[in-house]
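Participant: Protein sequence lines, in the order shown, are assigned to chains Z and X. Under my numbering, the first residue of the first sequence is numbered 1, with each subsequent residue one higher. Under my numbering, the first residue of the second sequence is numbered 508, with each subsequent residue one higher.
Calculated from the structure, these hints are not laboratory results. It is possible that part of the hints are untrue.
[Stated by the list, open to error] The following label-pair restraints were derived from C-beta to C-beta distances:
#	chain 1	residue 1	chain 2	residue 2	range
1	X	Ile626	Z	Ser219	23 to 31 angstroms
2	X	Ile626	Z	Ser160	50 to 58 angstroms
3	Z	Lys268	X	Ile626	28 to 36 angstroms
4	X	Asn586	Z	Glu208	57 to 65 angstroms
5	Z	Asn375	X	Glu550	25 to 33 angstroms
6	X	Asn622	Z	Glu191	54 to 62 angstroms
[Said to hold, decoys possible] Under the rule of at most 30 angstroms between Cα atoms (straight-line distance), these lysine-lysine pairs were calculated in the DSSO-like manner:
#	chain 1	residue 1	chain 2	residue 2
7	Z	Lys364	X	Lys514
8	X	Lys581	Z	Lys291
9	X	Lys514	Z	Lys280
10	X	Lys587	Z	Lys304
From the three backbone atoms N, C-alpha and C, an ideal C-beta is built for every residue, glycine too.
One-letter residues, chain by chain:
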Amino acid sequence: MSDNQKKKILIVDDEKNLRLGTKRLLEKEGFEVVTAENGTEGIEFGIATEFDIAIIDMKMPDYDGIQVLKAIIKKFPNTVCFIATAFASYDTAIEATRVGAFSYIPKPFSPEELLQQVSKGLEKRELSLQKESWLKEREERLLEVAFEKTRLNTIINSISDGVLVINKNGEVVLYNPAALKFLLLKNIAIEEYIIDKLPEKMAEQVNEFLKSHEIIKRSLSVQLQMKQENDLFIEATSSPVPAHDGSLAGIAIVIKNITELKKIEFLKSQFVSMVSHELKAPIAAVYGYLKLIADKTILIDPVKEGEFINRSIYRLDSLLKMVNDLLDISRMEMKNTQREIKEIDLPDIIKSILELFQLDIKKKGIGVVIENEENIQFLSGDKDEITRLFTNLISNGIKYNKQNGLLKIKFCNENDYIVTEIKDSGIGMRPDEKAKLFHEFFRAKNEFTKDISGTGLGLSIVKRIVDSYAGKIEVNSDYGSGTAFRVFLPSVKTMNKKEISDKKIIS
Amino acid sequence: MITEDKKILLVDDDLDLLEQHKLLLESRGFKVVTAEGSKKGWEVFKQELPDAAILDLIMEEHDSGFILAHKIKKDPHGNKIPVFILTSATYVTGFKFGASTAEEKEWIKCDGILNKPIIIDDLVKKLEIFFNEAKVK
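From just these sequences and the hints, can you work out the full model?
Facilitator: Here it is, written out as structure tokens:
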């Protein structure tokens, strides 16, 4: 209640002179005064607005003061009520305070007496109001805390990572359903001793915190296989929870499902194994030849020796190519390759690739046929990558072709795609070979292919490039009669050729 | 020498290694027949009935050598000769196997695992042991 607001006093008395006299006195002191000439009026006014103080006469014709007081307090418990009475007695005093009067004022009273009582009453009222507001505040805060708590619980329960909080005695303080799931536990009771239910390595980690004399201030992580056959891998990270005084209050453990990560890790290491094996083969071959040549106890005729040197050069050459292919693949994997995206005329690119292969084409006597539909749309892409893609396919079309075979290249528009078909009349593939075609290091091995060199990475690179352009690649093959690759790449809607060649976008 | 007129079958899809191993064994007095794949290897085996077989593990498939070894060991002639598997896979795949115990020999159906690159002296020693034992019997 603000100070500049006048304090309100209600006077209920059937004695007119006293009523008016008191009113005048109090108004002079700066109070706002309302008077009621009987009990009925007293109740009416007293419950219509909240007064700071009510001074109620004990004996009135209609109601007695006690009844009026009860009615007012019922509505406004903080209105400080005085009972004024000429029959001041011990009993009335008791009676009045019992029902809620602050005090009683014996009649007749002097102005000083009255003002003194009023000022005491106001103090009392301040206190009660203060108390009430504190109570209210506290209640609100409690509600808020309760609300926060449920909200926090809801959040923790919906986190997909497991959360488990343990106190310094190793008992559970908090957990969520994900923690149960990852730890393969049916249930946990709050305050239950948990450490012996945890996987061994996690328990060790928790104990490291609990048994350390000084508080460990960093987090510890451990990775565990919870189920066999790559079904569930978890990573548990334990962090200390400090108390106010800096000592250890408990440990918060976050449990992550890292199964997918582990699977990727496994694939990666499998790939590394494969790469090592593929790299080792040519090295072993060259090493073997050099040792044979160096070994003076073994006689090799000069023609053979020349052959060994040529084979070594050949093996080293393909080793180099393989390393280059691997570097390309790892660049593509990183996905931060600088691409210079331009509008590309596919038939043009294919023509320049074919020129590079002129020598091989001639050597094998291969006939090249290009079928070009009119208005082949442009492609938006990196010229080097697209060149790489078709170089690998055309190279295969030549390598795996028959002597005097045919290489047919056909372009057409199909909806928003440019389709390039590269068809050879070569050795073709068996269905089981076709299935593994795009796998790294897969090379069809049969009587036709034994003299054909390759890294086993060419088509895997082709697939990666096609995928990175949101395209697709189809294969049709008959064993012994040839293979056709159909590459679908999204086109840029035909624009003016001039406009396009001027554009240069770096992505 | 005991190794003379002994015929060894070599099966490997790496033509260079095949050539080198052939030369090495020939330099030690063995006769060598070769095959460039497991299918061909079986044919050569049936035709030549060699006194020992050395098979590369990873050829058409990752276990082609094992399969061929198994087939040879079930053959009445093959059952009498030493069969070795040639591999670098114990290092590469991280999964270990050997053929040192009787149980492993039974399971893998071969008489020993040879790691690449071949150390010719070791190989010759192993072969001699087998041939000597056979002679004693």
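Participant: So, for every hint listed, does it hold in this structure?
Facilitator: Hints and how they fare:
1. X:Ile626 - Z:Ser219: 23 to 31 angstroms: Given range 23 to 31 angstroms: violated, Cβ gap about 50 angstroms.
2. X:Ile626 - Z:Ser160: 50 to 58 angstroms: holds, 55 angstroms
3. Z:Lys268 - X:Ile626: 28 to 36 angstroms: holds, 33 angstroms
4. X:Asn586 - Z:Glu208: 57 to 65 angstroms: Given about 58 angstroms between the Cβ atoms, the range holds.
5. Z:Asn375 - X:Glu550: 25 to 33 angstroms: violated, 56 angstroms
6. X:Asn622 - Z:Glu191: 54 to 62 angstroms: At roughly 59 angstroms between Cβ atoms, Glu191 (chain Z) and Asn622 (chain X) fall inside 54 to 62 angstroms, so the hint holds.
7. Z:Lys364 - X:Lys514: violated, 39 angstroms
8. X:Lys581 - Z:Lys291: This hinted pair is violated, its Cα atoms lying about 36 angstroms apart.
9. X:Lys514 - Z:Lys280: holds, 29 angstroms
10. X:Lys587 - Z:Lys304: violated, 35 angstroms
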